[in-house]
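Asker: Model the full assembly from the supplied sequences, consistent with the hints where possible.
In case you want the letters, here they are:
There are 2 protein chains.
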Amino acid sequence: MTPLPPDPTLLERFAAIVGDAHALRAEADMAPFLREPRGLFPGRTPLVLRPGSVEEVSRILKLASETRTPIVPQGGNTGLVGGQMPGREGNEIVVSLSRLNRVREIDTLSNTVTAEAGVVLEALHRAVDAADRMFPLSLASQGSCEIGGNLSSNAGGTAVLAYGNARELCLGVEVVLPTGEVLDDLRKLKKDNTGYDLKNLFVGAEGTLGIITAAVLKIFPKPKGREVGWAGVASPEAALGLFGLAGERAGGSLTAFELIGGTPLDFSLRFTPNAVRPLAGDWPWHVLLEVSSGRSQEDARALIETILAEGMERGFAGDATLADSIAHGDALWALRENISEAQKPEGASIKHDISVPIASIPEFIGRAAAAVEGVCPGARVVCFGHMGDGNLHYNVSQPAGADPEVFLDLYRSMNKAVHDIVRALGGSISAEHGIGRLKRDELLATAPPVGIDLMRRVKAAFDPAGIMNPGKVI
Amino acid sequence: MTPLPPDPTLLERFAAIVGDAHALRAEADMAPFLREPRGLFPGRTPLVLRPGSVEEVSRILKLASETRTPIVPQGGNTGLVGGQMPGREGNEIVVSLSRLNRVREIDTLSNTVTAEAGVVLEALHRAVDAADRMFPLSLASQGSCEIGGNLSSNAGGTAVLAYGNARELCLGVEVVLPTGEVLDDLRKLKKDNTGYDLKNLFVGAEGTLGIITAAVLKIFPKPKGREVGWAGVASPEAALGLFGLAGERAGGSLTAFELIGGTPLDFSLRFTPNAVRPLAGDWPWHVLLEVSSGRSQEDARALIETILAEGMERGFAGDATLADSIAHGDALWALRENISEAQKPEGASIKHDISVPIASIPEFIGRAAAAVEGVCPGARVVCFGHMGDGNLHYNVSQPAGADPEVFLDLYRSMNKAVHDIVRALGGSISAEHGIGRLKRDELLATAPPVGIDLMRRVKAAFDPAGIMNPGKVI
Numbered sequence: 001m002t003p004l005p006p007d008p009t010l011l012e013r014f015a016a017i018v019g020d021a022h023a024l025r026a027e028a029d030m031a032p033f034l035r036e037p038r039g040l041f042p043g044r045t046p047l048v049l050r051p052g053s054v055e056e057v058s059r060i061l062k063l064a065s066e067t068r069t070p071i072v073p074q075g076g077n078t079g080l081v082g083g084q085m086p087g088r089e090g091n092e093i094v095v096s097l098s099r100l101n102r103v104r105e106i107d108t109l110s111n112t113v114t115a116e117a118g119v120v121l122e123a124l125h126r127a128v129d130a131a132d133r134m135f136p137l138s139l140a141s142q143g144s145c146e147i148g149g150n151l152s153s154n155a156g157g158t159a160v161l162a163y164g165n166a167r168e169l170c171l172g173v174e175v176v177l178p179t180g181e182v183l184d185d186l187r188k189l190k191k192d193n194t195g196y197d198l199k200n201l202f203v204g205a206e207g208t209l210g211i212i213t214a215a216v217l218k219i220f221p222k223p224k225g226r227e228v229g230w231a232g233v234a235s236p237e238a239a240l241g242l243f244g245l246a247g248e249r250a251g252g253s254l255t256a257f258e259l260i261g262g263t264p265l266d267f268s269l270r271f272t273p274n275a276v277r278p279l280a281g282d283w284p285w286h287v288l289l290e291v292s293s294g295r296s297q298e299d300a301r302a303l304i305e306t307i308l309a310e311g312m313e314r315g316f317a318g319d320a321t322l323a324d325s326i327a328h329g330d331a332l333w334a335l336r337e338n339i340s341e342a343q344k345p346e347g348a349s350i351k352h353d354i355s356v357p358i359a360s361i362p363e364f365i366g367r368a369a370a371a372v373e374g375v376c377p378g379a380r381v382v383c384f385g386h387m388g389d390g391n392l393h394y395n396v397s398q399p400a401g402a403d404p405e406v407f408l409d410l411y412r413s414m415n416k417a418v419h420d421i422v423r424a425l426g427g428s429i430s431a432e433h434g435i436g437r438l439k440r441d442e443l444l445a446t447a448p449p450v451g452i453d454l455m456r457r458v459k460a461a462f463d464p465a466g467i468m469n470p471g472k473v474i
Numbered sequence: 001m002t003p004l005p006p007d008p009t010l011l012e013r014f015a016a017i018v019g020d021a022h023a024l025r026a027e028a029d030m031a032p033f034l035r036e037p038r039g040l041f042p043g044r045t046p047l048v049l050r051p052g053s054v055e056e057v058s059r060i061l062k063l064a065s066e067t068r069t070p071i072v073p074q075g076g077n078t079g080l081v082g083g084q085m086p087g088r089e090g091n092e093i094v095v096s097l098s099r100l101n102r103v104r105e106i107d108t109l110s111n112t113v114t115a116e117a118g119v120v121l122e123a124l125h126r127a128v129d130a131a132d133r134m135f136p137l138s139l140a141s142q143g144s145c146e147i148g149g150n151l152s153s154n155a156g157g158t159a160v161l162a163y164g165n166a167r168e169l170c171l172g173v174e175v176v177l178p179t180g181e182v183l184d185d186l187r188k189l190k191k192d193n194t195g196y197d198l199k200n201l202f203v204g205a206e207g208t209l210g211i212i213t214a215a216v217l218k219i220f221p222k223p224k225g226r227e228v229g230w231a232g233v234a235s236p237e238a239a240l241g242l243f244g245l246a247g248e249r250a251g252g253s254l255t256a257f258e259l260i261g262g263t264p265l266d267f268s269l270r271f272t273p274n275a276v277r278p279l280a281g282d283w284p285w286h287v288l289l290e291v292s293s294g295r296s297q298e299d300a301r302a303l304i305e306t307i308l309a310e311g312m313e314r315g316f317a318g319d320a321t322l323a324d325s326i327a328h329g330d331a332l333w334a335l336r337e338n339i340s341e342a343q344k345p346e347g348a349s350i351k352h353d354i355s356v357p358i359a360s361i362p363e364f365i366g367r368a369a370a371a372v373e374g375v376c377p378g379a380r381v382v383c384f385g386h387m388g389d390g391n392l393h394y395n396v397s398q399p400a401g402a403d404p405e406v407f408l409d410l411y412r413s414m415n416k417a418v419h420d421i422v423r424a425l426g427g428s429i430s431a432e433h434g435i436g437r438l439k440r441d442e443l444l445a446t447a448p449p450v451g452i453d454l455m456r457r458v459k460a461a462f463d464p465a466g467i468m469n470p471g472k473v474i
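In order, the protein sequence lines correspond to chains A and B. Quick note on the UniProt record's numbering: the first sequence kicks off at 1 and runs consecutively. Quick note on the UniProt record's numbering: the second sequence kicks off at 1 and runs consecutively.
Since no wrong hints were added, every one of them can be taken at face value.
Repeated chains share a single entry, so a pair holds when one copy, or any two copies, can fit it.
Here are the simulated SDA-like cross-link-like pairs (lysine to any residue), alpha carbons at most 25 Å apart as the crow flies:
#	residue 1	residue 2
1	K224	A130
2	K222	E305
3	K224	A359
4	K222	A359
5	K224	G241
6	K222	E168
7	K222	A302
8	K224	R249
9	K459	R88
10	K344	C376
No lab work stands behind these hints: they were computed from the structure.
Answerer: Below, the structure is given as structure tokens:
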């Protein structure tokens, strides 16, 4: 692979595939494709291509293979680990899938939707809603993230508990391989045991094995009732007890179980206009839970009331409240969803996206708090997340009033302190955000070499020329 | 790879790894490992090894790699496609995992069980039951099939509708690679986005990429109520209407939805001692459905009554009944489960294990019936299966009184006629039984070459010496 930018003639050949209007070369035109949410991954490119068909994607990759030109696929550009960003060298061509934005088919008998990679998640929600169905994947960035990126990063979000992550929602994929060949595996099948599971290799591969251009996704009947509740709990152990109870009572009707520490709630209350503290008392931990019913609103109400009443009786919840209107439920959700933004006014932060076995959550929280204090006395732990999935966003905000730069100098030691505990507990250092550029070195340095070696063999087998999203994942 | 049996000195070296008591060489000792359910896949072997630890499995594969000795992993030996059988040449060593039969841990907080490959499915059910949890995978062969085989074949069964197949129930695996290296990915995590999904490559690979020695599996709270119902329906379209309704009303509480044709019901009634026709009328199609509730028996009852009453009102079901006791429910299930055995007294049969998009089931059934009649006038279609998963066991029994041998001569043309329709509808020619030896040639001849090529690259990357279960899958 050449470290030099592709020569102008070659760029012309790429541009000709999509047409000049869709081959961006001016700095201002390319800028939106080179700015990402965290501002952590500066990159340069000589060309952003916006193909309008699978055939154009195929021709781009064929030419890239022939000329060994590195390609960076990009969806809605909302990824948090830099997987969608070209490197600094300026020799990688960005291929945006945003123009492949057709919902090809909604099948309400098979309960599937076939959507192209560039369909924005929220647009897919609307299309499916209009067919009286529901697509459950739900993320903070759903107004701009796209299905191809959701699949390539195996996105998680708040609905994983009941419906699974992007991988589990995907039945089939259409993928353009590095050679330009198209793998058409757009099947609507729940059961298909005809050989190796290729689909799940492409899902979560962050564009390093090929480009997902379309997918068949599961859709569901809309719930007839939905109730949101909030509980104050004394400890992570108590929250775990409440989770076990909620799972037993509600099963698949338990559609969210979010743990929120006292500090992130305080941050969110300060940040959110007109926010009201959900409970009178001052609890060290909180649980936001949601129950959905396929039967009725009354049924959802009865179910969540049972869980909270029994949770208080058994001493898991100290206090609890139910949303008494849709607006009230949305306000409770906003307190959860605003946490990340609410960290900004509090100064610098160091973030972790981890998972551990659910049973180990209390131990993790206890050990990590001590480790954080050891690295930076006075740092404020902003611990919240999808407890029901074992997934916590274990963020750390700087001590109040401290120097942000001094705090950020602790980035690597803080990461190491937290991730060492995650590893000791058999957890994951990237539960839902992926590896991208951000965590690649750490993955390679700390993951079992046997697994890394197998991943390298997969990469070499699928992309022998190494043109697909180099420097990411592996 | 040598076509000659391994030389005696080499066999001694393999035997020494497990000890003489567990290295079977006498014909009578080896016989149970060489007889499989369908009697279709004769094979020979010089040696059956029964390792007692992961370390022994590792040493076996290391020696096999070094000496290029082909290895056939075997679980409970219940597979229907010959995946667990050595070839006829007699140069492949069978490695039985049955002695790795420890349930390593049950974690009722994380809701996981960690079990070794040789744990019999029914034994796992009992162990999990004793911990007040439920492991949902349920197969006709559960008294002898083993977890390693269930995962390697991505087993399906009757609980897939609500809980998913073996793949979806598996969170992590421990795998011995062809080199003897051990991949320890026994994680209890629902969310882990750290690189390529290796787990799902091994699941469903039928032992061609390595040997699964243990797995972390999901377990669930036990349902508090379970109800079984039976409906007579006029057509597959009506059954599809009933399925849609049941899914809307019950969601994840709909734990089975089985379609049964009139002919298989008649067969099963003739075959099953003291069997009673579930409904008075003579319906061309039948649905066996089951609802489970996490709340109570009364709740399950109310739910299934709603579905059946509304199903009759809306004209989907012509008649319906509810099991009025556990014994009655079991008797209804027995009519479904006995179908396969009930085909034997009816003469020769040609079987298919297919899936199509759920919406296409009526079209498939219509077209396939005509195709069968075209291949063999008078042949009796025995169509039944997991309609809720799009998976039908589309079996064909010989015309009453015809010559079985003449009928079996139609095997390939019947397969082709049925599978061509499956392919035209975007379906799968092996929904749950796998490829093994039985369907390998057909897969290679009919699957899209792009996918086959990728599978070959995976195989070559993981097993470059080609020692793992040669001649299977790919």
